Amino acid sequence: MILQTALPSRLPAEHLAALRAQIAQVQAARGPVLPFGLLQIDTRLASGGLDGAALHEIAGASASWSDDAAATLFAAGLAARFAAVQGMTVLWALSRFDLYAPGLEQVGLGPGKVLYAQGRKDSEVLALAEDALRDGSLACVIAEVKAADQTATRRLQLAASDGQTPMLLYRRHRSRERSPLAQPSSAMTRWSIAAAPSTTLPHAGIGRGQWTIELVRQRGGNPFSLLVEACDDQGCLALPAAVADRATAPVGASIRAA
Amino acid sequence: MREMGRRSETTDHPFRGMACDDGGPAGRPWPVHAAHRESDLRTRPLVLITRSGQRDIVTAACPVALDLGLRPGMAAAHARALISDLDVRGADRTADAAWLNRLALHAVRHWTPTASACDADGLWLDLTGTTHLFGGEDRFCRGVLRFLDRLGFTARIAIAATPGAAHALARFGAHTVIILPPRSEAQAIADLPLAALRLATDTLATAGRFGLERIGDLYAMPRGPLAKRLGLKAVERLDQARGLVAEPIVPVAAFEEPRAERRLLEPVVTAEAINHVIGDLLADLVHDLQGRRLGLRTAVLTCQRVDGIDQRVAVGTARATRDAKHLARMFAMRLDRIDPGLGIEVMKLAAPRVEDVQPVALGSGLLNTQHTPDVAPLVDQLAGRAGEEALFRVSAIESDVPERAVRRMPPLATTAGWPAWRRPVRLLHQPEMLTNVVALLPDHPPRRFSWRGTPYRVSAGEGPERIHGEWWRSAREMWAVRDYFMVETGGGERFWLFRRGDGIDAPTGDLSWYLHGVFG
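First to last, the protein sequences are chains A and B. So the first sequence is numbered by the numbering used here: it starts at 1 and just counts up by one. So the second sequence is numbered by the numbering used here: it starts at 259 and just counts up by one.
Please keep in mind that the hints were generated in silico from the structure rather than gathered at the bench. Computed from a predicted structure; not experimentally measured. C-beta atoms are modelled at their ideal positions from N, C-alpha and C, and glycine is treated no differently. A few of these clues could be false.
Claimed, not checked - So the derived label-pair ranges between C-beta atoms look like this:
#1 A:Gly136 / B:Leu670: 14 to 22 angstroms
#2 B:Leu699 / A:Ser123: 45 to 53 angstroms
#3 A:Gly49 / B:Gln616: 40 to 48 angstroms
#4 B:Ala671 / A:Ser123: 45 to 53 angstroms
#5 A:Gly87 / B:Gly645: 21 to 29 angstroms
#6 B:Gln548 / A:Pro12: 54 to 62 angstroms
#7 B:Ala674 / A:Arg176: 36 to 44 angstroms
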């Protein structure tokens with residue numbers, strides 16, 4: 001009797017099938033997923049990679065120039081991998097143009113792949129990004145802003161899922177103390193990137209850079225932090241040698257946060 | 259030809275419908291008058307007739323027929339009665355006019371910018387300042403006659419200082435080519451019949467009653483009574499022929515701007531109504547563009563209000579297009595700039611800037627080729643929001659100086675990449691000077707430095723990459739040298755530094771250190 005009150009009626013098979021179809025539909029609506037190609041990251045992300053039709057936020061871990069540059073390159077590398085197909089274009093919307101295009105080309109985002117749009121202020125940059133997302137003809141949209149409130153991010157998220165285009169919102173620091181990722185946002189994932197000391201080479205010179213990437217928040221998953229090697233010329237991250245040999249951590253996306 | 263065409267529209271054969279003088283050999287041929295030539299050979303006279311009232315009138319006669327005594331203006335029945343073996347055909351005035359227009363267009367393209375058809379049988383050419391290109395007036399006339407002869411036309415040419423005199427001499431002069439010296443028009447046309455003055459038939463009849471036959475007869479007459487008897491028009495024609503009154507030639511335009519117009523029965527005020535009219539105008543314009551294989555780069559909408567004030571809205575496109583839907587969306591974005599006031603009566607749409615849009619071959623569909631989306635509509639939309647110069651690409655310039663190696667390009671331009679030297683992702687607008695630099699000369703990266711008040715200790719460095727000044731730009735850069743180093747500090751920050759001077763020769767620089775960029 002107790003069992004019967006706990007489970008008043010058994011789920012009929014068709015009800016179950018309907019639920020499964022609903023889940024499949026939701027997953028299909030989420031669009032294609034771009035995996036990082038690194039087990040340590042992909043297994044900890046709720047969707048097994050970056051959602052190709054959603055908003056992702058990226059910021060430097062601190063207001064310093066090098067963290068800012070590392071975060072920029074992280075976003076550029078992601079965009080380059082989204083635009084890996086020949087002929088696809090990335091829109092980079094910003095209000096102050098201080099990017100150096102030869103540096104972007106070295107993470108796979110060549111000059112033929114990027115279209116820059118310079119708005120006068122943040123609201124215009126966000127409007128440009130939203131238009132571009134809804135058009136749906138781009139491989140990826142990057143917007144550089146200092147301020148974007150919950151409404152703005154919600155709009156971007158909806159536009160991204162409407163246009164089936166990934167949106168990378170690069171948030172610059174407004175002040176030295178407050179992190180831009182502290183504000184609430186509707187982003188699917190929020191990344192904080194910091195430059196880390198690279199491994200010293202046995203000879204003179206500088207090797208591949210290293211970053212500490214921290215997933216501050218993700219929908220349906222746990223935050224984590226990882227030391228990775230910087231983007232190569234295709235925009236792919238790698239694990240430092242010492243970590244690459246280690247076995248994958250057993251904790252995966254199966255442990256879900258509320 | 260199913261594979262040809264833009265994705266949204268089908269197309270016919272690309273060379274069909276092209277005129278032969280536009281480069282399409284398969285078009286209509288020039289009118290080499292085969293019948294005319296044949297009749298010349300077989301000596302069968304040919305006349306053209308047209309219906310006038312109750313009877314047929316001969317409008318033109320071939321040389322053989324002229325020799326036999328047939329004249330334009332006589333009744334067709336009379337001509338038939340005179341010559342039994344007469345080839346009579348109907349005159350086609352519209353086709354004649356079409357050929358004249360085409361010849362005028364040819365003249366505009368090849369001889370002079372100002373040319374137009376004149377009456378039903380002539381061409382005006384304004385030769386001011388153009389004949390020296392063809393070796394003088396005489397050689398020009400002979401060239402034109404040869405050209406027309408090849409086409410099967412006989413022609414008479416008169417060059418005079420006034421259109422009236424040229425008109426008269428070309429039709430009533432004694433020679434095929436008449437070149438009149440300036441200021442001799444009055445004497446030259448004095449002996450010509452009055453009909454040479456382009457007078458109306460009833461005026462000519464009146465003049466005949468007064469016994470006026472030659473143009474010279476009019477010179478001596480007082481102008482007042484002359485105007486009273488023959489009409490003001492006759493006096494004006496006389497003055498035009500003598501050069502006392504100007505007579506401009508309205509030239510044919512070699513290219514007509516595509517345009518559409520709607521005159522509205524009721525003035526419109528609401529946005530929906532205006533949008534609807536814009537849609538209609540665009541449909542007309544796109545149909546026109548499609549027929550002429552053009553795409554527009556600029557479209558200007560002019561709305562005439564009831565109070566006579568014009569409202570103008572212009573849209574520009576990044577690539578030539580004739581997509582009505584896209585253009586309608588661009589106009590809809592600018593609809594708020596139209597102030598309808600009390601209502602808009604007339605709306606005109608013109609395309610002042612057009613480009614060729616030829617059919618493109620689509621993929622065969624056999625190979626599973628990836629369809630790359632077109633970003634041109636998006637570029638137009640974003641440019642409408644943020645301005646035309648807000649959208650750009652960045653391309654390479656062949657320069658080693660980092661700040662000069664990049665330039666902005668239009669959003670759909672093709673771009674070039676850079677050599678694979680390590681370059682920072684963000685570049686300072688101005689290199690910033692470093693202080694407290696400790697470095698070994700001549701070619702070692704610094705060991706420590708301070709930037710913006712913060713001291714940094716370098717853990718690893720790479721370089722130098724030596725970049726010489728561009729002496730062809732300025733004399734100051736004649737010996738200038740920058741030695742670039744990439745350094746990593748203890749905290750993992752990577753900077754791009756340079757030192758002015760190579761550390762050996764003093765003219766290359768003062769050995770000061772600067773920070774120029776940041777690597778990620």
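Structure-based check of all given hints:
no.: 1; hint: A:Gly136 / B:Leu670: 14 to 22 angstroms; result: holds, 18 angstroms
no.: 2; hint: B:Leu699 / A:Ser123: 45 to 53 angstroms; result: holds, 51 angstroms
no.: 3; hint: A:Gly49 / B:Gln616: 40 to 48 angstroms; result: holds, 43 angstroms
no.: 4; hint: B:Ala671 / A:Ser123: 45 to 53 angstroms; result: violated, 28 angstroms
no.: 5; hint: A:Gly87 / B:Gly645: 21 to 29 angstroms; result: holds, 26 angstroms
no.: 6; hint: B:Gln548 / A:Pro12: 54 to 62 angstroms; result: holds, 59 angstroms
no.: 7; hint: B:Ala674 / A:Arg176: 36 to 44 angstroms; result: holds, 39 angstroms
The structure does not agree with numbered hint 4 stated previously, though it agrees with all others.
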